[in-house]
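S.K.: Read off the chains here:
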Amino acid sequence: MEQERIIQTQNLSKFYGPHMALENLNLDIKKGATGLLGPNGAGKSTFLKTILGLIQATSGEGTVLGHDIRTEGSAIRSRIGYMPEYDALNPEMDAINQVRYSGELLGMNPIVALQRAHASLQYVGLGEQRYREIKSFSTGMKQATKLACAIIHDPELIIADEPSNGLDATAREFMISTLINTVKQGDRSVLMASHLMDDVERVCDDIVLLHKGKLAAQGRIEDLKAIDREIEIHVWGGASKLEAAMKQRGMKVRREGRVMRIAHESEELTTEILSCASQVGAQIRRMHEYEASLEDLFLVIMENLGYDVKTSEDLFSHPIHARKVDAPGHMGGGAS
Amino acid sequence: MNEGEPITPPQIPQPQPIPQPVVTTPQQPIPNVTQPIQSVEPVTTPMATAETPVTGQTRMEAAWGSSEGDEDYTEMASVGHTGSGEIFQQNYEPWRGELNPRWMRNWAILRHHVLGIVKKGHRPWGVPTKIFLVLVFFASLSDAGLTLLASLIGESDFHSMWGVNRDNLYGHVLGFFPRNVMYYPIVAALLVGGVISEDRNHGTSALYFSRPINRFDYVGMKYASVAIIQAVIIIFTLFLYYLTEIMAFGRGWAWIIDTFPLFLGALVGGVLLIITYTSIGLALSSVSKGKFFPGIGLLAIILGTKTLAIIVKNLFDREILYLLSPYDCLAHVGQALVKTQPTYDQYSWTWSLASLIVMNAISLYVLSSRVSSMEVTRE
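Protein chains in written order, with our numbering: chain A, 1 to 336; chain B, 1001 to 1379.
All clues stand as given, with none of them false.
Under the rule of at most 30 Å between Cα atoms (straight-line distance), these lysine-lysine pairs were calculated in the BS3-like manner:
1. A:31 - A:212
2. B:1119 - A:135
3. B:1289 - B:1119
4. A:135 - B:1120
5. B:1289 - A:49
6. A:30 - A:225
7. B:1130 - A:135
8. A:212 - A:49
9. A:184 - A:30
10. A:31 - A:184
11. A:135 - B:1289
If you're looking for bench data, these hints aren't it; they were derived computationally from the structure.
Input sequences plus hints: build the corresponding full structure.
M.R.: Here you go:
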């Protein structure tokens, strides 16, 4: 069954005078958890403001939860929960009243808002701290309070801007598990903008990668990772000879001491590697498939693929681009 | 007791054991304690010999046996994990309610700011602000109190000094000292100081604009909140003053009809004052990130321009600079509304009204442009 689409854009562009912030974005974000990645200045904030209906797109169109981003911003903001990156809480207020007020700002009855504020704070782990003033909270507790503000009306989509930014290990773990729980148990969707690739990888199934206002990649993380598949071998004795032999046979090898990674381009690769090792008399002590992390993928796409590639299907249909996947020069790779 | 009888110890009644009821202790649940990985002694199997029949086990050993791991004389067995119980259980609770429309959201903003003066859990106004508001409220009622006193002591001179008349109605709202030096401008400064600037400073603007609240509603409700609190101090006390005169002196309809236009004139003057002070104050608040600058800026504009105009008038006998002073323009228009003795002779009150309109227009322009630039993603 095809998954429900929560955000769709067609040729969405936004210009601030001559400065291009977003250019021809064609996005198709499904229900579930999606990571919004991109370096600073990539257009993430502009994209979020555009889909919240806070700024008008210069051209193109889009929908969020079926509402037009150009004309139904208010309806969109009623159905989503936004968790801002920066402080968005009054430090003089206690948590329960801050969260209640955020519910009232959505149009909730004060009594209902108070009930939901209790439930939301309990959910984010601040049940015992809810009557404390926010100024006495740690960064993690403030982030949790912001999340409680975002989920008080049980939104269908939660937009979390850097939810784990600045948190210590425990608070970060709790925030991530809370977001995962919201997606899995609550059956809600999360659009998570973050620089922390590990967190995105844990929470999200899909990513959208922006760079300089353009779509660099979009798709399932697992699918996108496949562009960077390699076989990693640990060699004992004759590593240089083995490297030369493999290169002679046309394999893409990058080497860091006794560890080598060979681009996984054919099903016969392991046989070929063993054959080379046998030929030069090198011992292969260990051989396994190397799974790239999301961070590797991010760097690969940013540095090598260019911006004409749009989706994972496109990535696979451009093998020449995929071949460019490589480590930086100091690791023996071809990337500059 | 007879002699020769063995002495027996007296029979001291021994405490009998109280029959204990048979307590049937309910079966306690076995505590959930995660069992550590235990080391289990190996079952030693004799080495296979030539006479050993070839069994499935032997074939397994032949197939999988190697030197690796043979040195281990222990084997690891883990006991299945049992839940140890959790204090915090995270359950997502869905909500199927309906959100109320726009008026309810606006009411929430208004309520948050106004109720914050008297109730915890809403906008946290500073304690000095609250104390000052209470003091000014009662100080503003001084003319009402003195009117009541005049009715009690029956002194007509005392009443003519403090009772309701054209000058006193004007003075309640627009009198310079003490009301427009020590009361109303300071009240306005304390109220407008952080109303918008603190949203900018704390980032709470994101809380508003990521909700279905537009900029007009946001600034409109903030404006209305500050204006309502000032109205309680200025307009409501004016009403109480007028009511005290009616009740204490038993004024009839003829007196009410006669003086009501004056009351309305003072009321309109008070509304103009509230609007002007609020517009200028919120404009200053919108360009700032703290509450000190807007507050001190408002006082500087109101009292500074007035002082400058007085100096210029005294030195050069020119009143035209009063047009730059919000208070003087308000006073001039107020004098025209209440028809009291004008103190600004050199130009018409319509110039003051035009100046007030320009001041408010500029302030509202600054306010709207600054609020429209407030960000959701970052400030």
